[in-house]
Structures are given as C-alpha cells and as structure tokens.
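We have chain D already, so just place chain E on it with the hints.
There are 2 protein chains.
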Amino acid sequence: MPENQQILLDSRPSGEASVSNFRRVSSATPALQDGQVLVRHHYLSLDPYMRGRMNDAKSYAPPQALGQVMGGGTAGEVIESKNSQFSVGDQVVGMGGWQQYSVVDANQPGVLRKVDSAQIPLSAYLGTVGMPGVTAWYGLTKICEPRAGEAVVVSAASGAVGSAVGQLAKARGCRAVGLAGGPDKCRYVVEELGLDACIDYKAHPDARSLYNALKESTPAGVDCYFENVGGRILDAVLSRMNAFGRIAVCGMIAGYDGQPVPLAQPQLILTNRLKMQGFIVSEHMEDWPAALTELGTLVATGKLKFRESVAQGLESAPQAFIGLLKGKNFGKQLVKMI
Amino acid sequence: MPENQQILLDSRPSGEASVSNFRRVSSATPALQDGQVLVRHHYLSLDPYMRGRMNDAKSYAPPQALGQVMGGGTAGEVIESKNSQFSVGDQVVGMGGWQQYSVVDANQPGVLRKVDSAQIPLSAYLGTVGMPGVTAWYGLTKICEPRAGEAVVVSAASGAVGSAVGQLAKARGCRAVGLAGGPDKCRYVVEELGLDACIDYKAHPDARSLYNALKESTPAGVDCYFENVGGRILDAVLSRMNAFGRIAVCGMIAGYDGQPVPLAQPQLILTNRLKMQGFIVSEHMEDWPAALTELGTLVATGKLKFRESVAQGLESAPQAFIGLLKGKNFGKQLVKMI
Numbered sequence: 001m002p003e004n005q006q007i008l009l010d011s012r013p014s015g016e017a018s019v020s021n022f023r024r025v026s027s028a029t030p031a032l033q034d035g036q037v038l039v040r041h042h043y044l045s046l047d048p049y050m051r052g053r054m055n056d057a058k059s060y061a062p063p064q065a066l067g068q069v070m071g072g073g074t075a076g077e078v079i080e081s082k083n084s085q086f087s088v089g090d091q092v093v094g095m096g097g098w099q100q101y102s103v104v105d106a107n108q109p110g111v112l113r114k115v116d117s118a119q120i121p122l123s124a125y126l127g128t129v130g131m132p133g134v135t136a137w138y139g140l141t142k143i144c145e146p147r148a149g150e151a152v153v154v155s156a157a158s159g160a161v162g163s164a165v166g167q168l169a170k171a172r173g174c175r176a177v178g179l180a181g182g183p184d185k186c187r188y189v190v191e192e193l194g195l196d197a198c199i200d201y202k203a204h205p206d207a208r209s210l211y212n213a214l215k216e217s218t219p220a221g222v223d224c225y226f227e228n229v230g231g232r233i234l235d236a237v238l239s240r241m242n243a244f245g246r247i248a249v250c251g252m253i254a255g256y257d258g259q260p261v262p263l264a265q266p267q268l269i270l271t272n273r274l275k276m277q278g279f280i281v282s283e284h285m286e287d288w289p290a291a292l293t294e295l296g297t298l299v300a301t302g303k304l305k306f307r308e309s310v311a312q313g314l315e316s317a318p319q320a321f322i323g324l325l326k327g328k329n330f331g332k333q334l335v336k337m338i
Numbered sequence: 001m002p003e004n005q006q007i008l009l010d011s012r013p014s015g016e017a018s019v020s021n022f023r024r025v026s027s028a029t030p031a032l033q034d035g036q037v038l039v040r041h042h043y044l045s046l047d048p049y050m051r052g053r054m055n056d057a058k059s060y061a062p063p064q065a066l067g068q069v070m071g072g073g074t075a076g077e078v079i080e081s082k083n084s085q086f087s088v089g090d091q092v093v094g095m096g097g098w099q100q101y102s103v104v105d106a107n108q109p110g111v112l113r114k115v116d117s118a119q120i121p122l123s124a125y126l127g128t129v130g131m132p133g134v135t136a137w138y139g140l141t142k143i144c145e146p147r148a149g150e151a152v153v154v155s156a157a158s159g160a161v162g163s164a165v166g167q168l169a170k171a172r173g174c175r176a177v178g179l180a181g182g183p184d185k186c187r188y189v190v191e192e193l194g195l196d197a198c199i200d201y202k203a204h205p206d207a208r209s210l211y212n213a214l215k216e217s218t219p220a221g222v223d224c225y226f227e228n229v230g231g232r233i234l235d236a237v238l239s240r241m242n243a244f245g246r247i248a249v250c251g252m253i254a255g256y257d258g259q260p261v262p263l264a265q266p267q268l269i270l271t272n273r274l275k276m277q278g279f280i281v282s283e284h285m286e287d288w289p290a291a292l293t294e295l296g297t298l299v300a301t302g303k304l305k306f307r308e309s310v311a312q313g314l315e316s317a318p319q320a321f322i323g324l325l326k327g328k329n330f331g332k333q334l335v336k337m338i
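Chains as they are written, first to last, in the working numbering: chain D, 1 to 338; chain E, 1 to 338.
Just chain D, with the same shape it has in the complex (with noise of 0.2 Å):
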C-alpha cells in the first residue's frame, strides 16, 4: 500500500491561525475492506470554512478534532476498487481531507462522486462546479432573488464563491458589483469576469472613503448584498442598501480569527426594511442537483470564468490556508498534490 502523507489539527488557534496549528504526519494506507475504494488525490480544496473548524466553539459545523486529519473536499482518481460501482481509473470528489490518499466506503450515498473531465477540468469540481459554486448559487437564487435591473453587490468578489456570484448576477440581467482586495483583484473582477465595477477596499481603509466609493458604483442603491467579509465591508454596504433589501450571509472572514466584529448600524435593517439571512449549502442538499446542472453548463461553454491559486504539494496547504484567510489567494484556493 501507498505511504500516505497528512496533515493534522495539531492545536488550536488562539487568535490568528498559524502553520504551527498543523502537523504533518506519514502512515501507509491500510488494506481495502469490501466496499471500499482507494482514492488518490489529485486536488484539496482549502475554503474559509475550515478555519470555524479549527475552534472549539459551538459553530454550524462540528470541530474538526486534534490529532486527526484535517477535513476538506478533495478530488482524484479510484487506484484501487472493492465497490463494484467503483472502477480504477475514475474520477471522483469527494471529503477525502488533507492528505495523498482515502479509504471510503463507496457504499454510504453521497461519500465520492463520479466527474467528467471531458469538458471541465477535474479541479473546478471543487470549485465552480463544487461546493462554492452551489453557495453561489444558492446564496444568490434563493436568499437574495435578483430581478433583472437590480443591483447585486458581492464581496471577496475574485473568490471561487464570489466570481460564481458576480457572473451569475449578471446573467440574470443585474448590474453587478464587486468589492476585492487590490488593484489587481479588481481589474480581474471587471475585465475578465465582467462585472459592472469594482471597488479595492483596501484603497479605502476609512468608512467614509469606503461608502463614497460604494455610493459612485451603485447610484441607485443596493437591492442584494451576497456577504463574505463582515466588518467594516458589511457596515458601508448596509447603508447602501435600498428598502427591502436582501442580504445572503453566507461568511463573515472578517472576523474569524478573533473577536466578534460588531455591525454599526442594525437599525438600518428596520428602516430600510431588509432581510439578511445566514446560510450554509451543505443544508441544502436539494438543490444541488439544480445547481450543478446550470453552474456546469455555463462553465463547460466558457460563461463562467474561473481563476484558481494552486499551490503545490501537501506540505504546501498550512501556509496555502493562511494565506487564504489573509487574501492572498487569487480565485480558488486549490493544493495539488500530483
């Protein structure tokens, strides 16, 4: 059997999360029960997400334990088969975690997922065509309900969930805004992902700069906020808000290495009338199927543009996944271990 590297949760964060959180560590595969499928990984998906699982607070997702292999999405290649659903050679996505190889019993429905790289590569499985593109989609169809002519405004727009976000808008007949990180972000946001305008935050480190670069993109108020920050990003977009209002929380980044960050304004949400409301896709099993059919679709005829940031090798993933956090990826934050 293969020798496997992982990475552990070696400790938790107190405040920022650092590579000395994690631990890497080798062990050889174990042999194959019946029903079992080995994976090698090809792809880790590293998403904002995993550092809530770092923690060990009350949060929507169980903590990832210490000692164990990190958990992530993962996509590869069956090397070796006891499912007769499952042949050598096949591609698949799946929870396989931070490490070369996986075990999965095939049998539990919805463990690995057969893909078709014929016309998407294997990597945007886990990311346009994956979990944050379902976010996307879901967080934009469902929560905030754009009618074509509104305006939707997203942050950490150069993201996989973000870039998923600000097209899918703009299909839908919407002038669509972008906030990201740097000029580079936000050429790219406009350019290449043909949204309407976008605004580098970081050009604007005080509020009132902040708002009066909003107010110069949306003359005409905001009708959907797709959230991914928090902070001082949701307060000047809450004020931009029109009356009833929609906003999608779908992460709040801002703030998760360390205090709460508290919102300005909340009375807006009374007298603007609006309605804000978390999610998590993971909830929404029912919708994926939708999801993926348009999300697939428009990326294998090239609608939906993508960008990912690949660092490379395992070793890799612990600075890769702090970087993250900090935004120094660029699209979707990929490992590739092969």
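Hints are computed from structural coordinates only; laboratory data are not their basis.
All C-beta atoms in this analysis are idealised placements derived from N, C-alpha and C, irrespective of residue type, glycine included.
Watch out, some of these pointers could steer you wrong.
Claimed, not checked - Chain E stretches covered by chain D per the calculated footprint, using a threshold of three residues with CB under 8 Å from any CB of chain D: (1) 11-18; (2) 75-82; (3) 241-252; (4) 277-290.
Unchecked claim - Result set (EDC-like, lysine to aspartate or glutamate): computed pairs, CA atoms no more than 16 Å apart in a straight line: (5) Lys326(D) - Glu80(D); (6) Lys215(D) - Asp200(D); (7) Lys114(D) - Asp90(D); (8) Lys303(E) - Glu192(E); (9) Lys275(D) - Glu145(E); (10) Lys275(E) - Asp90(D).
Only chain E this time, still in chain D's reference frame:
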C-alpha cells in the same frame, strides 16, 4: 365651528426628544367642503414610530413637517358630514393627528374607517384591533412563522404590540417569553396575559446577567424573536437563538433618541443561519383584513387582553409621548380628549 386645540412639531430634537419640541396652538375648524366630514377625536394614539418622524433623517416614513400638526392615529365620532357615506354619530378611526378635531376628505379610500364599539371598546381600534395589533400579527405570522412547540420571545412584552405578540404566540401553541421593564409589567405579562415567563430587563443591567436570565427562561433556546427594542436586549436574545431562527424587527426604541446601538455579534446570523427581517405594517395593507378579523374576534371574546395608559387632555400628549419613549407607559399609550 368649534375651536380646535392642536399640537405642532416646533423643533427637531438633538439627542433626546423633549416637551419643548412641541407647541400648542388653537384655531377654528374650517367650514366643510362637499365630501368632507368633521370628526371629534375621543382618543389619540401615541406610538414609538413618531419619534423617528421628529428627525429630519431618511427613514421609512417622511419626516414630520415643522410647524404642522403632529400626525397620529385617532378614534372619534363624526359630528358633521357633507359625505353621504358618513353620518353624524358614526364612530370612526383615522389619522387625525394631535388635535381635538379633524376635517377629513372622506372619499379618499382608507382615510376613515367606520368601527363598531358594541363589543370592542373604541380605544381598542387604536391598539390591539388597530395598527399595533396588526403589527404584532404580521411580524409574528408572516416573518417569525412560529410552529407549535417553538419558543417565541418578545421584547416590550406588556406594550401595545408586544402584548398581542405574546398572546398570539400562546394561541399558536408556542412557549412565549416576554421581556419588560419592572416587576409590575412582568407580573402582568405572566399572570394576566398568560405568557410562560417574563424577564425584567431592568433587574439585569449587565449583559451576562441578562443572558443568564434569558437562558433560564428559554432552556431549549429561542426559535422566534419579535424585536421592539434593540440594543443590549437584541444582543442577549441573539445569543440564545436556535439554528434557523427568525427575527422580526419591528422597532429599535433603544436607539431612537441618539446614536445607533451596534449589534455585538452579527456573526451569529451566519453560524445559526438566522433570518432577520425588518418590516412596517403600513406596507402590507393586503394583510390587514385577515389580521383584524382574528384580532377583533379574540378581543370580543375576551381571549386577547390588553391594557391602556390613558393621559387626560390633548395638552398632556407631549409629556405622555416622552414617557412612552422611556417605557413609563403600561400597555397601549393613549390620550383621551373627551
């Protein structure tokens, strides 16, 4: 024509509103034109939303014009009519404002509504069977959507809106818990209105103590919250919300007089997948008939109780209104003028 005492908005408050913001004047009521009726007000309704209209800021309602009669709901009697739809002696509810009489163009749909005080006292049409009651009904049934067995919390639980929320929640098979200021109000909420528990927020000046009291009263968490207050009470209840909880934001009286009060932990909206939605009942007129039918039936049959604080004479309105903003009322605040 009778002499008409009126109260005008004389100046806008900076910080707390005070009686000096109002001015009393007197003028003869004008002669009626065709289609008009003259209404003598028996009761004036005082409501927290009026505080927002005293400011010149963008809000859901246009600001109250300076030098004009303060707007407000009134219940009274037609004493002169040049409109075939209304006869002298008809009991009517409208938006007559802070004055003893009003001349109403009664042909405009919705401006004047005939009511029957045989089974329901006239004053109740300004409270439980009026705008505050419909506010309770709408926020509870359309935004909170409580299911039997769920826990519903309501702030300002002895007030015009809150008292209806709690009793409607009980009627739907929920556990209902109120928050009110002082032991008398809390006793009333439990013993008279029949809620399961009531927390005297004044007895819990610090956040930890308030949270602990709430935890004791809501051992299984909170599924629905009807918000009338905001500030630290919202912070405490938010910390007790269960996954998929719903918060109807009806009022945030804690911040009406000054600076916005921040929300301490907005990330709970995400981690608990909450829906938080603001609303204004006057934008949902299509729901009023159903609401008034249920509320009227419950009041007429004694199943929906309410309490009134009645100030005597129009001249007492400013002081009574300032008292309302500080929670000095006990139940629906009215001014009796006859």
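Hints, verified against the model:
1. 11-18: With 0 residues close enough to chain D, the hint is violated.
2. 75-82: With 0 residues close enough to chain D, the hint is violated.
3. 241-252: Coverage by chain D holds here, the residue count being 5 at a Cβ distance below 8 Å.
4. 277-290: holds (count 5)
5. Lys326(D) - Glu80(D): violated, 38 Å
6. Lys215(D) - Asp200(D): holds, 14 Å
7. Lys114(D) - Asp90(D): Holds - the C-alpha atoms of Asp90(D) and Lys114(D) are around 7 Å apart, at most 16 Å.
8. Lys303(E) - Glu192(E): It holds: about 11 Å lies between the C-alpha atoms, which stays within 16 Å.
9. Lys275(D) - Glu145(E): holds, 15 Å
10. Lys275(E) - Asp90(D): With a Cα-Cα distance of about 41 Å, the restraint between Lys275(E) and Asp90(D) is violated, given a limit of 16 Å.
Comparing the model with each earlier hint shows violations of hints 1, 2, 5, 10; every other hint is respected.
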